[in-house]
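Here are the chains, one letter per residue:
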Amino acid sequence: MSKGARVRQQRVQAPQKRGGRRIKTPQPAGKTGSRRNLYLGVLGAVVVLAAVLVGASVLSSGGSSSSPKTVSISSVGATNELLAGIPQNGIVLGNPNAPVTMQEFADIQCPGCDQYMRSAFPDIVRKYVRPGKVRIEWKGISFLGPDSEKGLRYVNAAGEQNKLWNVAELLYRNQGTENSGWVTNELLRSVGEAVPGLDADKVEANVNSSAVNREMADAANEFSTFGLSSTPGFAIGPTGGTLQVFNPSAYSVDAFAPTFAKYLKQSR
Amino acid sequence: MSDRSLRVAICVLAAAGAAIAGYLLYERWTGGPLVCATGGCETVQNSRYSKVAGVPVALLGLLAYTGIFVTGLLRTELARAIGAALAVSGLAFALYLVYVQNSKIHAWCQWCLASDAILAALAVLTVVRLLREPEPLAGGAPAVAAPRRR
Chain X
0 MSKGARVRQQ
10 RVQAPQKRGG
20 RRIKTPQPAG
30 KTGSRRNLYL
40 GVLGAVVVLA
50 AVLVGASVLS
60 SGGSSSSPKT
70 VSISSVGATN
80 ELLAGIPQNG
90 IVLGNPNAPV
100 TMQEFADIQC
110 PGCDQYMRSA
120 FPDIVRKYVR
130 PGKVRIEWKG
140 ISFLGPDSEK
150 GLRYVNAAGE
160 QNKLWNVAEL
170 LYRNQGTENS
180 GWVTNELLRS
190 VGEAVPGLDA
200 DKVEANVNSS
210 AVNREMADAA
220 NEFSTFGLSS
230 TPGFAIGPTG
240 GTLQVFNPSA
250 YSVDAFAPTF
260 AKYLKQSR
Chain A
0 MSDRSLRVAI
10 CVLAAAGAAI
20 AGYLLYERWT
30 GGPLVCATGG
40 CETVQNSRYS
50 KVAGVPVALL
60 GLLAYTGIFV
70 TGLLRTELAR
80 AIGAALAVSG
90 LAFALYLVYV
100 QNSKIHAWCQ
110 WCLASDAILA
120 ALAVLTVVRL
130 LREPEPLAGG
140 APAVAAPRRR
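Just so you know, the protein sequences line up as chains X and A, in that order.
Residues in the first sequence are numbered consecutively from 0, following numbering that gives the first Met the number 0.
Residues in the second sequence are numbered consecutively from 0, following numbering that gives the first Met the number 0.
You can take every hint at face value.
Under the rule of at most 25 Å between Cα atoms (straight-line distance), these lysine-lysine pairs were calculated in the DSS-like manner: (1) A:103 / A:50; (2) X:132 / X:261; (3) X:126 / X:264; (4) X:201 / A:50; (5) X:264 / X:132; (6) A:103 / X:201.
Hints were generated in silico from the structure; no laboratory data involved.
Generate the whole structure from the sequences, applying the supplied hints.
See below:
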């Protein structure tokens with residue numbers, strides 16, 4: 000190899016810098032081809048990876064037609080934060096060994112229930128349920144119309160995954176006009192998908208389950224036994240003991256506090 | 000920008016992306032509430048699009064960012080190619096998820112959007128790094144073996 004050829008070969012093998020800038024050196028034909036192959040390989044990998052990811056996402060999400068669309072819902076963060084970490088078991092919210100039990104008879108459509116859920120429920124949860132003093136049993140009633148039953152079935156079906164209270168709270172926070180058809184499949188789907196750890200497909204599959212039917216029938220019977228005629232209705236007492244109907248003077252935690260205090264004192 | 004600067008930028012961005020993905024994954028598994036200014040994080044996080052074939056998208060993101068981070072540490076041509084492939088394909092999937100947030104879920108997740116921005120920057124940086132000629136390794140040897148002389 001001549002001296003000139005050796006110099007050219009060295010420049011190709013080790014590109015030099017001059018003044019901090021790279022000097023573009025001529026590439027051997029074989030190297031240029033191998034870089035072109037590398038680029039094509041990367042491009043191919045990108046196309047395949049992206050196609051696999053998007054395709055798998057479309058398929059695993061149920062495609063575009065088999066599942067209802069979703070709608071924007073509000074108060075997701077506040078609801079999940081309020082209930083995060085509190086034990087739920089079916090229709091029960093709170094420590095199963097809490098000394099006091101409150102039953103809440105509610106229709107998912109009733110404006111008074113919505114008012115209670117907004118004004119009193121969060122404080123009751125923070126002051127009595129989260130510390131393990133009170134447990135609340137959901138007694139869903141559907142007497143206002145078709146939207147009531149549709150929403151209630153979804154709420155109780157979520158109870159099979161111990162997420163009933165998240166769904167109930169979110170439905171109240173997104174309540175529409177009574178019997179306007181506001182409880183749509185899209186709304187229910189959106190609520191279900193907004194609850195951490197809830198399998199919305201499973202909820203939809205269980206809305207007519209025997210467990211849901213039984214819970215609805217039991218709630219209706221107890222509603223009648225207590226002589227209640229409107230919602231929200233409440234019954235409070237010692238856990239495992241006899242509950243008494245309680246009519247709050249207002250939908251605030253202060254209205255419930257004396258009754259809770261009475262039964263908490265009895266339990267000591 | 001030197002290859003070293005590119006690698007540092009890639010590693011820093013990949014670490015930030017991994018932190019976001021890790022946070023989303025942690026909250027998903029523990030059921031905790033997400034810090035969210037856009038209000039739609041939980042809706043997106045729990046939508047049916049948040050999993051691909053049963054695997055949480057956040058886990059895929061964590062794996063991709065970790066892979067890109069590792070390729071940023073290495074100086075081989077193969078590492079640069081894998082880094083670019085991961086970042087660009089990740090960006091393509093992220094753009095699809097932006098479409099999903101807008102048109103299917105109707106909610107926006109700030110963490111997802113931040114991750115998308117990081118992926119976009121990583122895609123640019125890794126492609127720039129790939130297209131550059133390899134710098135010689137310490138001692139003068141090129142990062143890629145030169146064609147053998149016959």
